[in-house]
Each structure stands twice: as C-alpha cells, then as structure tokens.
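Chains A and B supply the protein sequences, listed in that same order.
To convert, take the position in the first sequence, counting from 1, and add 3; that gives the numbering used here.
To convert, take the position in the second sequence, counting from 1, and add 18; that gives the numbering used here.
Possibly wrong hints are sitting among the right ones.
[Said to hold, decoys possible] Cross-link-like lysine-lysine pairs, in silico, BS3-like; alpha carbons within 25 Å at most:
(1) 55/A - 11/A
(2) 233/A - 315/B
(3) 282/B - 247/A
Don't read these hints as lab results, they were simulated from the structure.
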Amino acid sequence: MKPIVEVKNLAVEYTRGDQKVRAVAGVDLSVGAGEILGLVGESGCGKSTLGKAIVGILQGAEGEVTFDGQPVTKIGRGQRDAHFRNLQMIFQDPYGSLNPRRKIGDQIADGPRIGGVSKGEAIEKAASLLERVGLPRNAVERYPHQFSGGQRQRIAIARALAISPKVIIADEPISALDTSSQAAVANLLVNLVEEFQMGLIFISHDLSIVRRISDRVAVMYLGKIVETGKTEEIWNFPAHPYTKALMSAIPHADGKALVLMSRCRSHSMMGEKSLVSCKMQVVRLKP
Amino acid sequence: MTLLSVRNLTVTLMTGSGPADAVRNLSFDIERGQILGIAGESGSGKTMTALSVMGLLPYKGKASGSINFDGQELVGFKPRDFRRIRGKDVAMIFQDPMTSLHPMLTIETQLTEHLRHHRKVSKSEARARALELLDTVKIPDPKTALKAHPSQFSGGMRQRIAIAMALACQPKLLIADEPTTALDVTVQAGILKLLDELRKSQNLSVIVITHDLGVLSALTDRIMIMYAGAEVESGLTSQVLTRPRHPYTRGLIDALPDSGADGKRLIAIDGMPPELGKFPSGCAFHPRCSFAQSECKTGVPNKVDIDGSRRIFCSVDPFDTSDSSAGVSR
Numbered sequence: 004m005k006p007i008v009e010v011k012n013l014a015v016e017y018t019r020g021d022q023k024v025r026a027v028a029g030v031d032l033s034v035g036a037g038e039i040l041g042l043v044g045e046s047g048c049g050k051s052t053l054g055k056a057i058v059g060i061l062q063g064a065e066g067e068v069t070f071d072g073q074p075v076t077k078i079g080r081g082q083r084d085a086h087f088r089n090l091q092m093i094f095q096d097p098y099g100s101l102n103p104r105r106k107i108g109d110q111i112a113d114g115p116r117i118g119g120v121s122k123g124e125a126i127e128k129a130a131s132l133l134e135r136v137g138l139p140r141n142a143v144e145r146y147p148h149q150f151s152g153g154q155r156q157r158i159a160i161a162r163a164l165a166i167s168p169k170v171i172i173a174d175e176p177i178s179a180l181d182t183s184s185q186a187a188v189a190n191l192l193v194n195l196v197e198e199f200q201m202g203l204i205f206i207s208h209d210l211s212i213v214r215r216i217s218d219r220v221a222v223m224y225l226g227k228i229v230e231t232g233k234t235e236e237i238w239n240f241p242a243h244p245y246t247k248a249l250m251s252a253i254p255h256a257d258g259k260a261l262v263l264m265s266r267c268r269s270h271s272m273m274g275e276k277s278l279v280s281c282k283m284q285v286v287r288l289k290p
Numbered sequence: 019m020t021l022l023s024v025r026n027l028t029v030t031l032m033t034g035s036g037p038a039d040a041v042r043n044l045s046f047d048i049e050r051g052q053i054l055g056i057a058g059e060s061g062s063g064k065t066m067t068a069l070s071v072m073g074l075l076p077y078k079g080k081a082s083g084s085i086n087f088d089g090q091e092l093v094g095f096k097p098r099d100f101r102r103i104r105g106k107d108v109a110m111i112f113q114d115p116m117t118s119l120h121p122m123l124t125i126e127t128q129l130t131e132h133l134r135h136h137r138k139v140s141k142s143e144a145r146a147r148a149l150e151l152l153d154t155v156k157i158p159d160p161k162t163a164l165k166a167h168p169s170q171f172s173g174g175m176r177q178r179i180a181i182a183m184a185l186a187c188q189p190k191l192l193i194a195d196e197p198t199t200a201l202d203v204t205v206q207a208g209i210l211k212l213l214d215e216l217r218k219s220q221n222l223s224v225i226v227i228t229h230d231l232g233v234l235s236a237l238t239d240r241i242m243i244m245y246a247g248a249e250v251e252s253g254l255t256s257q258v259l260t261r262p263r264h265p266y267t268r269g270l271i272d273a274l275p276d277s278g279a280d281g282k283r284l285i286a287i288d289g290m291p292p293e294l295g296k297f298p299s300g301c302a303f304h305p306r307c308s309f310a311q312s313e314c315k316t317g318v319p320n321k322v323d324i325d326g327s328r329r330i331f332c333s334v335d336p337f338d339t340s341d342s343s344a345g346v347s348r
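When you get a sec, could you build the whole thing from the sequences and use the hints?
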C-alpha cells in the first residue's frame, strides 16, 4: 500500500525554562488510505505533539512530513489552507475544541466555506454530517454547551469530515467518553474509514480499543517510536519491554493483573533516559 | 459490621424546568473494610449519591429517605452537623486532580487545615502528620513537597496528594469519585494499589464511583450498577461482571473492546442515556433494551433477590439461568 502520510525523522523541541525538552525525538511513521494506525503511549510521551506536528500546526518541528506527495513542513501559511484541507485533526478535549459562542452549524461550515462553497450549501452539508454522526439535523442551530461530552466529540468528528479529508489524526477521541458512547464513536470512525478510504491515525492510551480497531500499531515512549508493526503481531509477540508493560497495565473486567511501572515516567520529559532503567513490578490486587 | 446504610434515598434537584429526581429510591450498605463500586454512565446519579452522603448537594438539592452513617442519620443534618463529620469521618476525593487542589496554597496548608480544625493539634504536630501522610501515599521527598504548590506535581502525584488530604483525619469512609479517570493506565495501577493497601491497613471503607469496569473488577468487593438514578443490578463484583443478569449490565460489558464478536466493530448500546427530568416511565432502560416487553413501559421493574447478596431490577430477567424462581419477591 502506498502511504498517504509519511513522516521521516520528525523532531520537536520545546524550551522549558532554560532547559530544552525533546518531546518528539526522531520519529518515522506512515499511514495508507483506508488504514487505521494506532499510536499508543502514556501521556507525556509525545503522542499529541507528534499529531500536531504532522498536521503542521507546531512551530519548530524538524524533519520531513509528506502528505499526498507534498511536504507539509515547508509550506508557508498562505498556501496551507489549499494544500492541507484534506488533512484534518480531531482534538482530545471536546470541551475546549469547539467555540462556545458560535453555533454548531457555523463551526462545521467553516471548512467548506473557505473552500468556496456558499453559506447555505455549507450549512446544509453540516446538517447532513451531523445526521451521519448520529445527531439531529437541527443541532446546527444550537451551541456547544447544549451537548454532552460524547455529543461534542461527534460534532468535532463531523467538523473534521466537512471537507472530505483523506487523512484524519484523532487525538484521544474517545478517552473522555463513557464506555457505551466509546463503542459508538469508535464504530463511527471505523465505518468512515472503510466508506471513504480515509487514513486514520488513532492516538490513544487505551490499548484495548487500539487493539480492536487498528490495522497497525506504533508504540511511543519518551518521544520515540519503540515498536511498530501489525496489531496482532505486536499483541502476540511484543518485543519491547515497554510494550509488554503497557499491555499488562490494563485492568480487565475479569480482574486480571495490573502492572505498575516505576517512577521513570515522571522524569521522562527531562532528557533521554535509557529505557532499560525502567523497572517493572507486577501488581495483583486479587488472586 | 455495617458502616453506612442507605435506604430509599431519593435526591431531588432543581432544574430549569422544575424539580427532578436525580437519584430514585436507592438502597445499599457498606461494611467496614469493604470496597463498593458504583458504576453507570454519566448522568446516572452516581455522584449525587456520593454528594448526599457528604452533605454537598448543589443549591436547592434535597435528599430524602435514610442515610445511616455509623449510627447517625444524615438525612436532615444541618450544614454545621455535616461540617463536624465531613473531612473527619467521611472524606471524598474528586475526579479531577487538576482542579480539586487550591493552586495558590502550599501542599502543607492544604494538608493541615482540616487536621487542625478537627483534631485541634498544634502546627508542628500537624506538619509531622502531613509528612507521614505524604509518605503513606508514596510522594518522594515529602519535606520538599510540603512547601511546593500543586502546579509542581503531575496528575498522578496530585491525585495522591488529594488522597493524602482525604486520609488526614483517618476517616471511616472514603468516597472516590472517578479517582483514576483522568490518569494514565500505569499511574492508575499505582492509585488502585494504594487504595487497596489502605483498605487493608486501616480497615477503611471505600466507595469507588467510576464508569470503568476494569477498575471495578480490579479493586471492588461488591458493585452496584445504576441507570437513570436507580439501581439496576448489584452483587459481588466477580458474579456481576462474569454473569451479568440485567440487560443494561450486559450491554456495558459487551461494549468493552476486549469482549464481543470479532472484527473491528464494537457492540454499542443503542440510543443515549436519558436526561435528568426526562427519565422514561416504567423501567427507565426500556427504550434502549432489546428484551423490553409491554409491561416494562409502565410497570415498576420486578426486583429479583438472590441469596440476599444479589439483586436485579428487571421484569423480564432474560439471563436467568436458574431453574426455579425461588427467592423472587415482588
């Protein structure tokens, strides 16, 4: 499969006080049309930063990101809109990513309007997209505060779909939701990927959902991809100790073991700590 | 020994369109040293149940029924009565460790304030206790931590500090409202282990409120599943999660990513949970239930009691595997 987004040696450095912090330290990734790539890791490992760097909304990202053959990083702001409308991002927080003072319909219609569609048509499109994600058409006339977290996340998905993107980067799109709405929103994303042959980078710390929906998985730790491969292969034969630890730290509904990791994480952003120093301790609360 | 006994608790809140019941006719018990899990979707009344035990219901919120805590009846308690027990005998940790600590006060101030109020100890005694507490919740370098502000800690560390605060006066009951929802899996494992240790070492009773069935499975002895303000099923954690009897419990478990059929699709429960004040008549779950009969639309759900330890509120009870209907009471 020919990749639609390709990331080569991407690095992002933040300055915190007088310290330099490498949030993303040389990442290679690719995702193809109709493919779901799961990007997993703990918070603070650089997943979100990587996502933002791929859509090109971060200053100071080094390395190369190509979308549909075009380099994302070297495009100036003036041309961004036209080139990268097909590359969309869904942000983590459905409370912070919608403008509280604008109607839902107007917010979804922004994308098509920039693309030159008339206002009436764009609103009409917004209404049908809302229907597609399981909300009533008249939601276009309402404001974000009138919706629950799960509904807002659907609105954010509808907004990302408004310009028929080829690739969506979804940053923890279901973490803030209840179990049953998690299932519904995950199903929606899977359906959309299959129907429109989109590429989806699904960023999550929830491994069980990633296992279920992803074709491939990339495991990120301290700004680097430590392991990548087909989902089932990684699940059956995790090679990296971090992947193993992360996988066993999920509490299952049948009371299986939890794994507690040592304190390496709290210092993770301060520099490039060696992965080997990460001690793992198995914790079983129940026999 | 029973520490908390709740009978027919109903919590009425004032909404824009008049009063509405957020919790309906709820009854449950907690023994000393027991961990009870309360599960359900957001809006199912889990948090309001907890807040009525704490005496922290929102403005114009009213609890009726009976809440018997350690021999005292909390329904009808005055604010000053609640102030006497809150933080001392009952303590609560909240969902979001980012906002439940005061950003401008040092950890020491926040850890010792209620200690000095309830226990009337001197400043230096309070500080010594605070150091001890930070050590209990495994905060590295407690001396430095006392002088720090919340922003200097990560989410997991802040949740540990919030737990330390709750434990300061050695409460008998700890209510943890979504204690790990905002945290990573590895940090979550640490917090769960800590709660389990505290229960063992201090004979602490804990109510854990969460929608995460994995957390409940790892930590709790008993669970109660709530829907639209009412109990739908309760029992021993191992029984409820492995052999769910109520269609809603079944739906929650089937929606988990590691259960259900093969392929990429998950099994979601159709429809949305009802809004406060718009709870359906009869069994509130009937519009989303694939087993619903006509009687479910109007009649109160039938209560099925099994061995006094398990209850299911369902008139259809489609997953009943027992042969006899012994123990069924109307």
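Cross-check of the supplied hints:
{"no.": "1", "hint": "55/A - 11/A", "result": "holds (15 Å)"}
{"no.": "2", "hint": "233/A - 315/B", "result": "violated (47 Å)"}
{"no.": "3", "hint": "282/B - 247/A", "result": "holds (23 Å)"}
Hint compliance for this structure: hint 2 is the single one not met.
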